[in-house]
Amino acid sequence: MFDRELAEKAGANLEQVRRSRPLVHNITNFVVMNCTANALLAIGASPVMAHAKDEVEEMVALAGALVLNIGTLSLEWIDSMIRAGKRANEMEIPIILDPVGSGATSMRTASAKRLIRELSIRVIRGNGSEVLSLAESGAGTKGVDSVHGVDEAKEAAGELARELGTTLAITGAVDLVTDGRRQLRVHNGHELMQSVTGTGCTATAIIGAFLAVDKDPVRATATALAYFGLAGEKAAEKADGPGSYQVALLDALYKITPGQLTEGARIQKEPD
Amino acid sequence: MFDRELAEKAGANLEQVRRSRPLVHNITNFVVMNCTANALLAIGASPVMAHAKDEVEEMVALAGALVLNIGTLSLEWIDSMIRAGKRANEMEIPIILDPVGSGATSMRTASAKRLIRELSIRVIRGNGSEVLSLAESGAGTKGVDSVHGVDEAKEAAGELARELGTTLAITGAVDLVTDGRRQLRVHNGHELMQSVTGTGCTATAIIGAFLAVDKDPVRATATALAYFGLAGEKAAEKADGPGSYQVALLDALYKITPGQLTEGARIQKEPD
Amino acid sequence: MFDRELAEKAGANLEQVRRSRPLVHNITNFVVMNCTANALLAIGASPVMAHAKDEVEEMVALAGALVLNIGTLSLEWIDSMIRAGKRANEMEIPIILDPVGSGATSMRTASAKRLIRELSIRVIRGNGSEVLSLAESGAGTKGVDSVHGVDEAKEAAGELARELGTTLAITGAVDLVTDGRRQLRVHNGHELMQSVTGTGCTATAIIGAFLAVDKDPVRATATALAYFGLAGEKAAEKADGPGSYQVALLDALYKITPGQLTEGARIQKEPD
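Chains as they are written, first to last, in our numbering: chain A, 1162 to 1433; chain B, 1162 to 1433; chain C, 1162 to 1433.
Hints may be right or wrong, so weigh each one.
Computed list of lysine-lysine pairs in DSS-like fashion (alpha-carbon distance at most 27 Å, straight line) [unchecked claim]:
{"hint": "1", "chain 1": "A", "residue 1": "1395", "chain 2": "B", "residue 2": "1416"}
{"hint": "2", "chain 1": "C", "residue 1": "1214", "chain 2": "B", "residue 2": "1274"}
{"hint": "3", "chain 1": "C", "residue 1": "1214", "chain 2": "A", "residue 2": "1399"}
Residues of chain B placed beyond 10 Å of chain C at every Cβ, according to the derived structure [stated by the list, open to error]:
{"hint": "4", "residue": "1262"}
{"hint": "5", "residue": "1269"}
{"hint": "6", "residue": "1341"}
{"hint": "7", "residue": "1401"}
{"hint": "8", "residue": "1407"}
{"hint": "9", "residue": "1430"}
Hints were generated in silico from the structure; no laboratory data involved.
We put the beta carbon where it would ideally sit given N, CA and C, even for glycine.
Full structure from sequences and hints, please.
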């Protein structure tokens, strides 16, 4: 059921992140800045948070990936994201977008769509409602109304990925990764991850680090999600609630070896 | 000494929060955003942080309660708080205010008073100095100078609650909750809570969640404080310092059952 | 090898911080606000975070030290830092600067230099690249290119400290503290400190608290770094990765007694 080659690539990507320590430039929300930075350090990457319009272009030029997250956005921050993103595009630095809360307010949906329109974004990660709210056409709309999980989102996601020309990751009990042609499912993870704020944002940042070392966005995304999900499984063994779970999650990200990831990754190729 | 009916209501409110998972909209300070979100998740509520003036009205319309906290305020944020608060008032969504540092600088005191003047606020929670700094009349002034604890603040608080037409919660070793007619005291808590930043802000957010399910502000506030205080007691059993205490506090909030809260709540009706 | 008098002063400074509970005013970055506040509470100081231009002058007037940190700066925040700093200078309240990322972007380097030019700063703490990027002359430039550790930075640091008329702390495996005349080395610390975000910023804030009780900046800085480093050593005994390390670090800061610090501090006077 699970693909051995992708599991091996997961381990290899982790090893490569630890060896090359890519700088990951985050323009992200206030809630998760600290835990995102700690997660990136724990996996072996090098995080930087910088949002001032006067420095983002210079900062992103040093980075291996750019993470854009609209969780506590304001319009000034979106301007900085556009500016950093354009420079990233010029330099072919991969961009990943986390459209937190897109669909909940019109400002968030419009901001996410503006980023997608003005930038070339390699991966978008969110939950079903967030991702499917990004459709300009009706592709996602029907999906949004009916989405309860990955299965319901599957068709709409494929159509939307083709429309946007990007890779989409819809995370949930099982994660779906698709570029509209290939679909992968990641079965790693634990339900306690939902009880800690910012785990979705952390997943996005880890995908950013993997994009810095793997040019195939579908594969980079699925292997990153398998890694984060495996850490979530290991953390659950030590947790006594969401406080200790959050602590154990960072420890697990730090301790998982490439070999353990290859053994533990549960990535499934979708039958056509 | 402790009121059984209120203890049972504490358990019932907790059960109701976990069942209905109210969305709690926070416009709060940078220091506590992460721990506030985690605490709200741990109790079973659904947190959102959003401060942009362009979206707060739309966001608060989805919420069961609005939490305003001036801990790292700037004037733009106050404008967003006013905007969100007016919409909340129109929709009868309860507002709770945490006037962090009111009394310390004139900008903070003036901002807190402006929020109180322009909005209808259901509950204000702070320490003695913060709460009593809010008096336009001399009601609180004398209090501020002499406050060392809840006892000294008692009379001034009752007078101020009547003046402001709201419920006040002054938290300390024993918490005082009053609307100027009724007074309740909450005896739960632990001294280690003071060694972790943002525990006051967390208390405020939990009161917000309880206001979403209990229309009586005095009762909602006292039951929420009993719950948080009981978690503080349980956390102390596992802590080896403020770092592990913070972790154990989240775990305890998550694990306390409605039945345990009913058994452990120590809420006292003030003799007239 | 290690200086006994300085070790005793470390213990005495810690005792004095816990007795006088100095208010430490931080204008710092979003990533570390929470952990900085918690560290200051854990050591016995009283933290406040406030950045609005309308209140920083009033707030700093209440403080025993002012901590400026440019980690997620924007130009408005620099203006607030200047404003707070000028008031601090008038009142002879010590200022410590953490030039996070100086050298990485021209905005950061220029902002750090502006703060140094317009304010009288008692201590600057950073890593080798950050500190040496501050040279207006060529003093640091050569250093930046070649810095791998404290040893390489030593000569450039002394020259730069004289040029800037301040005390510099370059932290790493061994910390170097110099005002251009005296040099101290602090041998406390643990490599896991690098795996947690904001440990440098926390070191800066703790130095701030020590500056509030010790008028000798070289000594205050070295004793604060010995304390933080000792906590880092003790935390390592309990950690299973960076998550649990961060927790144990706060616990250790809280639990270390002045006597333990005197026994554990490893501060070395530099031979001339």
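Hint-by-hint comparison with the structure:
no., hint, in the structure
1, A:1395 x B:1416, "holds (20 Å)"
2, C:1214 x B:1274, "holds (19 Å)"
3, C:1214 x A:1399, "violated (45 Å)"
4, 1262, "violated (7 Å)"
5, 1269, "violated (6 Å)"
6, 1341, "holds (30 Å)"
7, 1401, "violated (5 Å)"
8, 1407, "violated (7 Å)"
9, 1430, "holds (34 Å)"
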